Amino acid sequence: MGCSSLGLLALSNNTLQGKLFSGGFNLTNLNELQLDGNNFSGRIPNVLSNCSALHTLDLSNNHIFGTIPSWMGNMSSLSTLDLSKNHLFGRIPQWMGSTSNLEQIAVADNHLEGPIPEEFCKLNHVLDLSVNNISGSLPSCFKPLGCVWYKACVDISVYSLTAVVDGLCKNGDVKKGREIVEEMANRWIKANVITYNIIIDACAKSWDFEELDLVLGLMEKAGVEFNVETFKFLIDGYTSYGKINEAGRLIGEMHDKGLEVDTYLYNLMINGYCKLGSIENVLLLFDRMSNRGVKPNADTYWSLINGYSKVGEMEMAMKYVNEMQKKGFELDKVMYDMLIDRFC
Numbered sequence: 001m002g003c004s005s006l007g008l009l010a011l012s013n014n015t016l017q018g019k020l021f022s023g024g025f026n027l028t029n030l031n032e033l034q035l036d037g038n039n040f041s042g043r044i045p046n047v048l049s050n051c052s053a054l055h056t057l058d059l060s061n062n063h064i065f066g067t068i069p070s071w072m073g074n075m076s077s078l079s080t081l082d083l084s085k086n087h088l089f090g091r092i093p094q095w096m097g098s099t100s101n102l103e104q105i106a107v108a109d110n111h112l113e114g115p116i117p118e119e120f121c122k123l124n125h126v127l128d129l130s131v132n133n134i135s136g137s138l139p140s141c142f143k144p145l146g147c148v149w150y151k152a153c154v155d156i157s158v159y160s161l162t163a164v165v166d167g168l169c170k171n172g173d174v175k176k177g178r179e180i181v182e183e184m185a186n187r188w189i190k191a192n193v194i195t196y197n198i199i200i201d202a203c204a205k206s207w208d209f210e211e212l213d214l215v216l217g218l219m220e221k222a223g224v225e226f227n228v229e230t231f232k233f234l235i236d237g238y239t240s241y242g243k244i245n246e247a248g249r250l251i252g253e254m255h256d257k258g259l260e261v262d263t264y265l266y267n268l269m270i271n272g273y274c275k276l277g278s279i280e281n282v283l284l285l286f287d288r289m290s291n292r293g294v295k296p297n298a299d300t301y302w303s304l305i306n307g308y309s310k311v312g313e314m315e316m317a318m319k320y321v322n323e324m325q326k327k328g329f330e331l332d333k334v335m336y337d338m339l340i341d342r343f344c
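Mapped onto the numbering used here, the consecutive letters of the sequence shown carry residue numbers 1 to 344.
No wet-lab data here; the hints were simulated from the structure. These figures come from a predicted structure and were not determined experimentally. One or more hints might be untrue.
[To be verified] In silico PhoX-like links for lysine-lysine, alpha-carbon gap of 25 Å or less:
id, residue 1, residue 2
1, K295, K257
2, K190, K221
3, K205, K243
4, K275, K257
5, K257, K243
6, K190, K170
7, K295, K319
8, K85, K170
9, K295, K310
10, K257, K310
11, K275, K205
12, K243, K275
13, K275, K221
14, K326, K310
15, K190, K175
16, K190, K295
17, K275, K295
18, K243, K175
19, K221, K257
20, K310, K243
21, K221, K176
22, K243, K326
23, K176, K190
24, K205, K170
25, K205, K175
26, K326, K295
27, K295, K327
28, K176, K205
29, K205, K221
30, K190, K243
Please model the complete structure; the sequences and the hints are all you need to start from.
Below, the structure written as structure tokens:
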């Protein structure tokens with residue numbers, strides 16, 4: 001197939017399949033090849049060795065297998081290489097670190113093994129080797145940062161930073177996640193609200209309010225504004241722990257900012273007041289819901305019925321049982337058992 005004048009070929013995020021360039025192709029003038037996000041299989045084709053002008057090659061998120069071919073080290077113009085999310089195996093080639101123009105390498109989420117070659121110290125920008133079977137010691141030029149390692153001159157994106165923080169928080173190491181955000185801020189890599197929300201959610205769920213205060217301080221210093229998810233994570237944590245005043249302050253802040261306070265958030269507050277036996281505040285919140293046009297759901301009524309019956313206000317509890325049924329919500333066995341127990 002004659003494509004000798006083609007400079008850019010972009011076919012990303014389609015459903016293309018089969019082997020890459022199984023026919024005869026002339027791609028000598030190709031500068032950029034983007035085939036990521038398809039269903040290509042087979043090995044990296046030798047025809048690419050003729051692409052002497054190629055500077056960007058993205059074959060990520062396919063089903064390519066085999067080892068990374070050594071002839072790729074002779075592609076002197078190549079500066080960006082992304083082979084992530086395939087089925088590549090074997091050792092990490094040394095040429096990746098010694099090719100003069102190669103600045104960005106991403107081979108994450110494959111089956112590569114063995115140590116990281118010392119030649120990678122020559123890289124100037126991005127290196128992503130995550131989710132492989134890499135072993136051995138790190139090259140001497142790499143600097144430690146918790147369980148993740150960055151070279152001093154590496155540029156890491158906010159998306160990579162968020163992925164690292166998410167992994168740490170899921171493993172219960174919230175403190176390390178916060179420390180990484182702080183360290184990256186010192187390197188002028190600013191975390192976004194999504195990154196902060198991951199740590200805030202983890203702190204709130206574990207009731208680690210000391211760490212939470214540190215994260216909120218970092219967020220304020222960086223000038224990152226809360227979004228609705230931030231408020232939800234905080235209010236959930238505060239109400240479940242009994243810090244109802246802090247949660248109420250955040251609800252007020254949401255109103256001031258014009259953010260929607262939905263049924264879920266009202267339910268958190270109502271349930272929080274019920275746990276404290278503060279029925280007067282429960283009624284005020286329920287009335288406020290109605291006045292603002294926020295519709296109660298089955299969880300709202302469950303909290304009301306539980307709260308009133310808990311303090312012996314069975315008449316009010318039954319009022320909301322009837323209202324709940326009129327609105328088409330069914331009482332489950334747990335609620336029936338609770339009411340029977342409290343009537344007795």
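Worksheet item: Does the alpha-carbon distance linking K205 and K175 stay inside the 25 Å limit?
Response: Roughly 14 Å separates the two Cα atoms, so the pair holds.
Item to complete: Starting from K257, check that the Cα of K243 is at most 25 Å away, please.
Response: holds (22 Å)
Worksheet item: Is K257 within 25 Å of K310, Cα to Cα?
Response: Violated, at about 35 Å.
Worksheet entry | Pair hint K221 and K176, alpha-carbon separation not exceeding 25 Å | Between K221 and K176 the Cα gap is close to 19 Å, so the pair holds against 25 Å.
Discussion item. Holds or violated: K275 and K221, Cα atoms, limit 25 Å.
Written reply: At roughly 35 Å apart (the allowed maximum being 25 Å), K221 and K275 break the hint.
Worksheet item: CA of K85 to CA of K170, is that 25 Å or under?
Response: holds (21 Å)
Item to complete: Starting from K275, check that the Cα of K295 is at most 25 Å away, please.
Response: holds (22 Å)
Discussion item. Just to be careful, I want the Cα atoms of K190 and K295 compared with a cutoff of 25 Å; is the pair within it?
Written reply: violated (38 Å)
Discussion item. Can you confirm whether the C-alpha distance between K176 and K190 stays at or below 25 Å?
Written reply: holds (17 Å)
Worksheet item: Does the structure keep K221 and K257 at a Cα separation of 25 Å or less?
Response: Given that 25 Å is the threshold and the Cα spacing comes to 20 Å, the pair holds.
Item to complete: Given the hint that K176 pairs with K205, test it: the Cα-Cα distance must not exceed 25 Å.
Response: holds (17 Å)
Worksheet item: Taking only the CA atoms, is the gap from K275 to K205 under or equal to 25 Å?
Response: The given pair, whose Cα atoms are some 17 Å apart, holds under the 25 Å limit.
Taken one by one, the earlier hints fail for this structure at numbers 4, 10, 13, 16, 22 and 30, listed in ascending order.
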